[in-house]
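Asks: Below are the chains, spelled out letter by letter.
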Amino acid sequence: MKMMNCKDATRLMSERYERTLSLRELLSLKVHTAMCKGCSNYGQHLDVLRLAAKRLREGGEG
Amino acid sequence: MSNASAQAGAPPWDDASIAAIRRDMLRFARMQLRDGGAAEDMVQEALMAAMTSAKSFAGRSAFKTWMFAILRNKIVDHIRASSREICGSDLVGSSEMDAGLEAFDVLFKRGGHWNPDDRPSTWSDPEAAFEQDAFWAVFDICMNNLPEHIARVYTMRELLELETAEICAALGITSNNCFVILHRARLGLRVCLENRWFRGEAR
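In the order they appear, the protein sequences are chains A and B.
My numbering numbers the first residue of the first sequence as 1 and each following residue consecutively.
My numbering numbers the first residue of the second sequence as 1001 and each following residue consecutively.
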């Protein structure tokens, strides 16, 4: 299997919200983010974007 | 049920409440429509529709959720109608689409790993950022920095919570194209928030 790079990893982290990843995709993503702090942070930031969107949908804390 | 609790359930239609909710609704609508006039019209319509309803609420946040649901439905209707009009024209124009997509490739080196300057850093306390108006002003700027077709797909997905299949159908694009656009939106929005907000916060 080809080693995953950051470009591939960020794409899969985004697609995780849109479709169910295959086991193979999930595992190679897991291996990559375990070694790559940048991509591990990226995954957390996508969750922050999700939360921000949720906040906007609900009209703030009000 | 007592009179007191019935009164507590009435929507808060005092001036201050209307002004506050209108401000939040405008922020939500503007981000998706990119047309200040249309956004104001839609918020106005939603407010008026709500005010003529005699519905009662368990609390302020339940009321606000309901108001945003009305606004959301109006925006979804508007986008469905307008995307039918522009389908096959500028939105799916392939050259414009490709230009918008390639712009984010500069974040990565040739081997597909992060450029050192663009590698995501640790964000401190995003929840605290959400409480600040200045953060939302930056968020707004970052949304507006995205190419328009990218921002449109992203807001349909994240703010209006449409399913990817529905977005594809409405815009006449493939699901793979849709995934790529959403990915680029997240890349662009993230790097903008990091540069304009979180990087400064951390220092």
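Honestly, the hints are just simulated from the structure, not real lab data.
Don't take each hint at face value.
Simulated crosslink set (EDC-like; lysine to aspartate or glutamate; CA at most 16 angstroms straight-line) [said to hold, decoys possible]:
no., chain 1, residue 1, chain 2, residue 2
1, A, Lys54, B, Asp1140
2, A, Lys37, B, Asp1117
3, B, Lys1074, B, Asp1140
4, A, Lys54, B, Glu1161
5, B, Lys1109, A, Asp47
6, A, Lys7, B, Asp1117
7, A, Lys54, B, Glu1131
8, A, Lys37, B, Asp1118
Asks: All hints, please: hold or fail.
Replies: Here is what the structure says about each hint:
Taking the CA atoms of Lys54 of chain A and Asp1140 of chain B, the gap is about 15 angstroms. The hint holds against a cut of 16 angstroms. The straight-line distance between the Cα atoms of Lys37 of chain A and Asp1117 of chain B is roughly 14 angstroms, inside the 16 angstroms bound, and the hint therefore holds. Between Lys1074 of chain B and Asp1140 of chain B, the direct Cα distance comes to roughly 21 angstroms. Violation of the 16 angstroms bound is thereby established for this hinted pair. Restraint check for Lys54 of chain A and Glu1161 of chain B: the C-alpha separation of about 10 angstroms stays at or below 16 angstroms, so the hint holds.
For the hint linking Lys1109 of chain B to Asp47 of chain A, the alpha-carbon distance of about 25 angstroms lies beyond 16 angstroms, and the restraint is violated. Proposed proximity of Lys7 of chain A and Asp1117 of chain B is supported: the alpha carbons are some 15 angstroms apart, at most 16 angstroms. As the CA atoms of Lys54 of chain A and Glu1131 of chain B are separated by approximately 14 angstroms, the hinted pair is consistent with the 16 angstroms bound. Between the alpha carbons of Lys37 of chain A and Asp1118 of chain B the distance comes to roughly 12 angstroms, so the proposed pair stays at or under 16 angstroms and holds.
The structure is inconsistent with the numbered hints 3 and 5, although it conforms to all the rest.
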